[in-house]
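Please model the complete structure; the sequences and the hints are all you need to start from.
As they're listed, the protein sequences go chains S and C. Position one of the first sequence corresponds to residue 1 (this note's numbering), numbered consecutively onward. Position one of the second sequence corresponds to residue 149 (this note's numbering), numbered consecutively onward.
Hints listed in this document are in silico derivations from the structure and should not be mistaken for laboratory results. As the structure is a computational prediction, the values presented were derived from the model and not from experiment. We put the CB at the ideal spot given by N, CA and C, even for glycine. There may be inaccurate statements among the hints.
[What the hints assert, rightly or not] From the structure, some residues in chain S lie toward chain C, with a derived Cβ separation under 7 Å:
# : residue
1 : E14
2 : G33
3 : G54
4 : M55
[What the hints assert, rightly or not] When the alpha-carbon atoms are kept at most 27 Å apart in a straight line, the in silico DSSO-like pairs for lysine-lysine are as follows:
#  : chain 1 : residue 1 : chain 2 : residue 2
5  : S       : K75       : S       : K42
6  : S       : K69       : C       : K214
7  : S       : K145      : S       : K69
8  : S       : K137      : S       : K42
9  : C       : K214      : S       : K42
10 : S       : K137      : C       : K214
11 : C       : K199      : S       : K137
12 : C       : K214      : C       : K199
13 : S       : K69       : C       : K199
14 : S       : K145      : C       : K214
15 : S       : K145      : S       : K75
16 : S       : K124      : S       : K42
The primary structure of each chain is shown beneath.
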Amino acid sequence: MISIQTGDFDSAVEYAQLRSSGAGTGAIATFTGLVRDSGDMKGVTGLYLEHYPGMTEEVIGGLVDDASKRWDVRKARVIHRVGRLALQDQIVFVGVCSAHRSDAFAACQFIMDALKTSAPFWKKEITESGEHWVEQKESDVARSKTWE
Amino acid sequence: MTTENITIRFFARLREELGTEELTISAQPGLTTGDILAELAGRGGAWAQLKGDQPLMIAVNQAMAKPSTPVQGGDEVAFFPPVTGG
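Set out below in structure tokens:
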């Protein structure tokens with residue numbers, strides 16, 4: 001299931017729901033991304049996240065489908081927040097249930113890496129001296145390409 | 149919106165720099181997203197960046213597209229900077 005939302009999420013609740021994926025599940029891998037105080041700029045005090053409603057959900061759904069073709073994925077959950085976020089706020093959650101840990105780790109990392117370069121989200125860093133849109137990182141593009 | 153029109157949307161930095169969130173143009177036979185970019189870039193000023201000086205992503209009906217992708221009446225075309233989510 002995919003959620004794009006302004007509100008926060010509770011990782012414990014998400015984990016509990018992932019655990020209900022059935023007796024065949026032997027591993028759950030989760031990733032949570034947080035707002036940090038530096039990125040393109042130092043002294044970041046918060047972020048603003050914009051997305052393309054509709055397309056974002058379609059793209060992430062496609063990534064989960066791709067992951068399910070490559071690895072054993074029993075259940076997957078992706079949550080991405082939009083709007084204004086403060087330091088240490090949770091931005092993104094990816095959780096994957098699988099029979100085995102290697103598949104759970106790989107699918108979780110694939111979804112996260114691919115999301116960063118293909119899902120239409122844009123981050124704007126906010127500092128005390130101004131705001132600016134974050135540029136796409138070559139390192140993120142390179143990481144995403146390693147899955148091709 | 150009539151079916152003869154194409155809706156064009158802009159996001160993030162591009163939306164702010166162009167000062168435009170959405171506009172419509174008339175559909176023409178054989179039109180591609182690249183043709184639309186060239187026409188908009190011809191407006192000059194901030195629109196000139198659509199010439200290709202900066203990296204740009206294109207979507208048609210919410211699926212990733214290329215400058216060669218054809219568009220027709222009723223389509224939604226979006227132009228936006230490389231994405232930075234997660």
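I'd like to know which numbered hints this structure contradicts. Please list them from smallest to largest. 1, 5, 9 and 13
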